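Protein chains: 4
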Amino acid sequence: MPSINIGLIGYGGIGRVHAAAYRAIPFHYGLSADSIKVGGVATTRPETAVQAASEIGCEFYTTDYRDLLARDDIDAVDICTPNNSHYDIVLAAAAAGRHIYCEKPLAMNAGEAQAMAQAVDAAGVKGQLTFNFRFFPAIARARQLIADGFLGQVFSFRGRYHRSSYISRDKALSWRLQRELTGGGALFDLGSHILDLLYYLLGDFDSVYGTLDTLIKERPVAPGAAEMGQVDVDDIALLHARTRDGGLGTIEISRMGTGATNDVCVEIFGESGALRFDLAEPAWLYVYDARDAETPIGGQRGFRRIETAGRYDGQRAPDWTMSPDFMRVHAECQYQFIKSIWEDRTPSPSFADGLHVQKIMEAAERSAETERWVKLAEI
Amino acid sequence: MPSINIGLIGYGGIGRVHAAAYRAIPFHYGLSADSIKVGGVATTRPETAVQAASEIGCEFYTTDYRDLLARDDIDAVDICTPNNSHYDIVLAAAAAGRHIYCEKPLAMNAGEAQAMAQAVDAAGVKGQLTFNFRFFPAIARARQLIADGFLGQVFSFRGRYHRSSYISRDKALSWRLQRELTGGGALFDLGSHILDLLYYLLGDFDSVYGTLDTLIKERPVAPGAAEMGQVDVDDIALLHARTRDGGLGTIEISRMGTGATNDVCVEIFGESGALRFDLAEPAWLYVYDARDAETPIGGQRGFRRIETAGRYDGQRAPDWTMSPDFMRVHAECQYQFIKSIWEDRTPSPSFADGLHVQKIMEAAERSAETERWVKLAEI
Amino acid sequence: MPSINIGLIGYGGIGRVHAAAYRAIPFHYGLSADSIKVGGVATTRPETAVQAASEIGCEFYTTDYRDLLARDDIDAVDICTPNNSHYDIVLAAAAAGRHIYCEKPLAMNAGEAQAMAQAVDAAGVKGQLTFNFRFFPAIARARQLIADGFLGQVFSFRGRYHRSSYISRDKALSWRLQRELTGGGALFDLGSHILDLLYYLLGDFDSVYGTLDTLIKERPVAPGAAEMGQVDVDDIALLHARTRDGGLGTIEISRMGTGATNDVCVEIFGESGALRFDLAEPAWLYVYDARDAETPIGGQRGFRRIETAGRYDGQRAPDWTMSPDFMRVHAECQYQFIKSIWEDRTPSPSFADGLHVQKIMEAAERSAETERWVKLAEI
Amino acid sequence: MPSINIGLIGYGGIGRVHAAAYRAIPFHYGLSADSIKVGGVATTRPETAVQAASEIGCEFYTTDYRDLLARDDIDAVDICTPNNSHYDIVLAAAAAGRHIYCEKPLAMNAGEAQAMAQAVDAAGVKGQLTFNFRFFPAIARARQLIADGFLGQVFSFRGRYHRSSYISRDKALSWRLQRELTGGGALFDLGSHILDLLYYLLGDFDSVYGTLDTLIKERPVAPGAAEMGQVDVDDIALLHARTRDGGLGTIEISRMGTGATNDVCVEIFGESGALRFDLAEPAWLYVYDARDAETPIGGQRGFRRIETAGRYDGQRAPDWTMSPDFMRVHAECQYQFIKSIWEDRTPSPSFADGLHVQKIMEAAERSAETERWVKLAEI
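Chains as they are written, first to last, in the working numbering: chain A, 414 to 792; chain B, 414 to 792; chain C, 414 to 792; chain D, 414 to 792.
Isolated chain A (complex conformation) (with noise of 0.2 Å):
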């Protein structure tokens, strides 16, 4: 296989964790270790860049992501930059032919995302989005067992993603809380995840209703500062929607479930079985089969917690039995990004699928200010 050389634009967190998982899946898959390298890096700030360059160990860095693609060398482009950025850097990287690896939410809306998605395919370059969670390997678990059958029919489902970030007053408005540079707020940032899950596992969504509100409405400019200024993006989001397949179900988004990290939740009732997943518990899947027997003094239903962590596909420690964390799934993500490349084939989550999770949270906006159920096929 061809070395794939990377170049990362953005380097806050989330572009710390892309590098390092980059670094990583060598040790998974036997790979050579020059198979895959972070070759440049673009900031804002060159102070960052610099930074970057020395723990990447990469010699070229940035402040304008242009030269990176400037650069020949570059195959890939992997966007860890804000919301409001995707949009110019997707279409031009598009028009350079670089492939594009892209973090989520796909854009500051659908018809942006529309453009994107388009823009792609035209190029004929790799479009992957950062929908990492998929690759607990619980939830790849979840889609096989779904694949082959197990729910039957599905009745209902219920996902949620609650943090409790900004539950306190004082918390100044950061550029999470501005739509100009999100686009959306809850319903975007952890909203883009849990509907991704649910489009995932249970296919395209058909209509939704949506119920937004920003419950702390007025927080402090700045970090300590007197002066308030308005929050103008949701900070919880319910939904209820309906899949294409006939399932009802209900989403709880909330950056205000007080108590909460990372309260990451999917689950499905079907006819003939039901699954559950809890990112508190990312290396198990619980599992309820109907057809179990049924006993008279007792049966043998109930769920089962089945243990599926290390199960990737491929990976040559099999037995590495301990949680996934976080850098693990992204290292997954990532692969499978790498892989695309390599065997020329549609990268999943590819920007189509980003696109659909992009229309669930227009249609549940637009819901929100109509009150009334939306399909996505008017988005």
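Note that these hints are calculated values from the structure, not bench results.
As the structure is a computational prediction, the values presented were derived from the model and not from experiment.
The reader is advised that the hints may include incorrect statements.
[What the hints assert, rightly or not] Result set (DSS-like, lysine-lysine): computed pairs, CA atoms no more than 27 Å apart in a straight line:
no.: 1; chain 1: A; residue 1: Lys-752; chain 2: A; residue 2: Lys-788
no.: 2; chain 1: A; residue 1: Lys-788; chain 2: B; residue 2: Lys-630
no.: 3; chain 1: B; residue 1: Lys-450; chain 2: B; residue 2: Lys-788
no.: 4; chain 1: D; residue 1: Lys-752; chain 2: C; residue 2: Lys-788
no.: 5; chain 1: B; residue 1: Lys-788; chain 2: A; residue 2: Lys-630
no.: 6; chain 1: A; residue 1: Lys-788; chain 2: B; residue 2: Lys-450
no.: 7; chain 1: C; residue 1: Lys-630; chain 2: C; residue 2: Lys-584
no.: 8; chain 1: A; residue 1: Lys-752; chain 2: A; residue 2: Lys-450
no.: 9; chain 1: C; residue 1: Lys-788; chain 2: D; residue 2: Lys-584
no.: 10; chain 1: D; residue 1: Lys-450; chain 2: D; residue 2: Lys-788
no.: 11; chain 1: A; residue 1: Lys-450; chain 2: D; residue 2: Lys-450
no.: 12; chain 1: C; residue 1: Lys-630; chain 2: D; residue 2: Lys-752
no.: 13; chain 1: B; residue 1: Lys-450; chain 2: C; residue 2: Lys-630
no.: 14; chain 1: D; residue 1: Lys-752; chain 2: D; residue 2: Lys-788
no.: 15; chain 1: C; residue 1: Lys-788; chain 2: C; residue 2: Lys-450
no.: 16; chain 1: B; residue 1: Lys-788; chain 2: B; residue 2: Lys-752
[Stated by the list, open to error] Which chain B residues stay away from chain A? Per the calculated CB distances, all over 10 Å, these:
no.: 17; residue: Met-414
no.: 18; residue: Gly-425
no.: 19; residue: Gly-510
no.: 20; residue: Gln-527
no.: 21; residue: Gln-557
no.: 22; residue: Ile-580
no.: 23; residue: Val-634
no.: 24; residue: Gly-686
no.: 25; residue: Ala-703
no.: 26; residue: Gly-715
no.: 27; residue: Arg-758
no.: 28; residue: Arg-785
The beta carbon of each residue, even a glycine, is placed where N, CA and C say it ideally should be.
Given the structure of chain A, go ahead and fit chains B, C and D onto it with the hints provided.
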């Protein structure tokens, strides 16, 4: 205290539980055995009436509840019959000057409930509802904490009542699936419990948005029958709700919750704390205090599982530290009713509480039909 | 069936539980109210006797249990007095031809227990012990699974009973801390329960190794007293044990288990499966089946939480799907005693079972003294 | 800081983990990529050596670890070979003046361990052990709480490490089942981890009582072979132990824990609090504070699940709030080793720590043979 003589109306599964619970109260509170007795029983089928009188150890039984009301020695009636009979019995009992203890939901609709609440008030008799879930000590503890200001402003909440009792398509049309007998489906049967818990903890509801569905629309008219009949009640009800105090919540009610037996859960997220109750662990309340210290390397914040078992006010053996069961919480609900008679005070949960819950359910149904938020004030 | 008239001896907390439990049985099993009654009560203090008779609703009460034995109408006695009185009462009751239901542990030592077991046999009366924990339906289900060969050969096991009732140094010397009144400490009080559960599930014990300790050796002679007295019983007992079938296990018994209320846990590890019971979730049994399929990416093996609530053989309302509580399992234990009289069969748990448990405890004590494994055959 | 160049010896599953972990450290702590590198690798099989060098991206590889020691540019060696080779490599590396990072257990027996600890001291090189479990942040938090006096006097404790890797009789004799290659069985392999955790949290052990057994005594000499060979190491080890500070504990170690994957658990019960860690929830520590307020109807005492994820001292992204995995804790352990070199301080966990654990294991083995408590001072 004068002895209270109960006339029990209805003796299905729940009637037996009530009868047993009355008999347990003296042991919990050091009362004399004859302070509370079930002195007569009415059921529609004569053979059930005989059996009931034998189990209870009372001499009087009848197939017409009016015979019970006609007896001078009956102080109060306990109504354990299907929903569609509550209205007539309550009105007759109030007219006869009997105190009334009634199974939930109070009525077939808010109009009936309103009339029933007025009837007991007009007659000057006590009217209490079997919202027995309130009497898990963890719920009492939660209410006490909320009253003490533990949560600060309530941001949001979640309630759930899932059973899986109807997931099989072969399950026949029973009385619970027929609107004319029940007034409603899962929303009425399961929803009344969870809505009352939320109302009890959070105060009056302001408005609701409801999505109701019947996931299995046709069922055999009888077990094993080839003939199919229409199900005309919901088997799943998803609600968004706002309380008068401004909390925003989500509520899931389903008979189609594959894998659930009695999956009842309440979560409340507030400015300074959070609470969680799960009926699978009936003796514990999960409590999170945002005021707990946070230190550089790691704080002490986290959900605490506090033990609440056996902690009934005034109970003779407060060291009964095992989980309370179904019977114990019924006994406690019934004891509060008896005490409301003895102490001549407003019972709790009262018919007014039952009316509020009835309004929430009716608002949810109207919302599901009209696809808009419905205020309780409209009902 | 002839009516059974019980004479209750002792009316502390546990006596009240027994009395209430007798009264609940007819409602569970469709018996007539007069089929089982508590017809008299004996307590050492006259004022307790009066109160007991009032709560129970019986006419006869006494401060001398021999008065109960002298009454012709008493069929059986139920002994709820401290351990050091069991021997005399049992021998007197057996001599009087009364069936006997006795609180655990059976005796002060194995010698007494042996004589008591012989006495009931010789008198041809039923002798049953209050090993009520056996009657959590999850335990019944576990025993059934083991009998069905679910586990294959048992490799190892673990049992635990932790309470934290004595962690405060200020807690005074009570009767439970004095060997002459109890025969033993945590090992007797808590250990008898967990040892019986293991014996019930795994069969006869072969030998044990015990480490016993008294972590707090001196306590106030009375609450608040300055004078200190010696604690002469264990407050922690750690055992290794082998069953006759070759299983090797570990057992933890402690009154010093900081944070525990009633932490009871059983785990069994076998060749083809495993079982786990935790009293914190009294309605569930955790079951692992090693024969479940294993697939390349991920298998389906895992602990399954099977629902066991309400599943008592012959119960009229098998749909009582809530967790059973303390009272319910006492009622079941007592019902089995009554049935052993009606059906004239060996009661279970029998005095012989109580004797086996007594031998395990005595072997553990002897082992702790001699620092070697002790066989039950030596006791 | 001078760059540290590691020579990696052994490249099985764990060698790959170490190599990947070194590469991740710069991203966690903001170091330059070249501050730590694996500059050479030695494995016994040449094809593994080539593959290892490719994955690591180093130029030097060999089948003889002495070639690594002979290179001037190697500052430290990391030993990932079977237990029976540790002694020779450590002595040679110390003689060559190289710092040493060694997989657990340190040695085949306490005598070897003693010599190895002396060798590094004499040579003035750092010697650290891979007791990576110490570096779950929950364990660090537990140690900090204990140091702060949170528990008061420790009454008792429990540790457990269960795997189910050997429950099948068909599983062949591997190197882990042969004493001459490992020095011991489950006690050495799994026990060293859990014993180190207890020692790390509770301080020096005073004495132990051990019951060791080999539940499956014969196994095929190779996968599928008809010929059977004797297993000469334990597959289950049950210990009672006393610390120098007077705590009494119980420890379960088993490869025959049907249903377990990596079931690691620590519980500590103290006068004023309790702690619990369970590897199934690696990001949380359970904490009980006996000083929490108790109120009449219900207290606030209870186990609190405190979040510890991502809280490594000095980590650049303390907001990485996901559970740490196996790789992360290895990285942390290795980072501490590197820091001990840079800062010229005693490494922790040191070879002296490894020696203490080795003594506990040897005392347990001697106790099992002689059937008496053995003091560590005797070893």
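Results of checking the hints against the structure:
no.	hint	result
1	A:Lys-752 <-> A:Lys-788	34 Å, violated
2	A:Lys-788 <-> B:Lys-630	23 Å, holds
3	B:Lys-450 <-> B:Lys-788	43 Å, violated
4	D:Lys-752 <-> C:Lys-788	54 Å, violated
5	B:Lys-788 <-> A:Lys-630	23 Å, holds
6	A:Lys-788 <-> B:Lys-450	59 Å, violated
7	C:Lys-630 <-> C:Lys-584	12 Å, holds
8	A:Lys-752 <-> A:Lys-450	14 Å, holds
9	C:Lys-788 <-> D:Lys-584	33 Å, violated
10	D:Lys-450 <-> D:Lys-788	43 Å, violated
11	A:Lys-450 <-> D:Lys-450	16 Å, holds
12	C:Lys-630 <-> D:Lys-752	46 Å, violated
13	B:Lys-450 <-> C:Lys-630	50 Å, violated
14	D:Lys-752 <-> D:Lys-788	35 Å, violated
15	C:Lys-788 <-> C:Lys-450	42 Å, violated
16	B:Lys-788 <-> B:Lys-752	34 Å, violated
17	Met-414	43 Å, holds
18	Gly-425	22 Å, holds
19	Gly-510	46 Å, holds
20	Gln-527	28 Å, holds
21	Gln-557	19 Å, holds
22	Ile-580	7 Å, violated
23	Val-634	21 Å, holds
24	Gly-686	7 Å, violated
25	Ala-703	6 Å, violated
26	Gly-715	8 Å, violated
27	Arg-758	35 Å, holds
28	Arg-785	6 Å, violated
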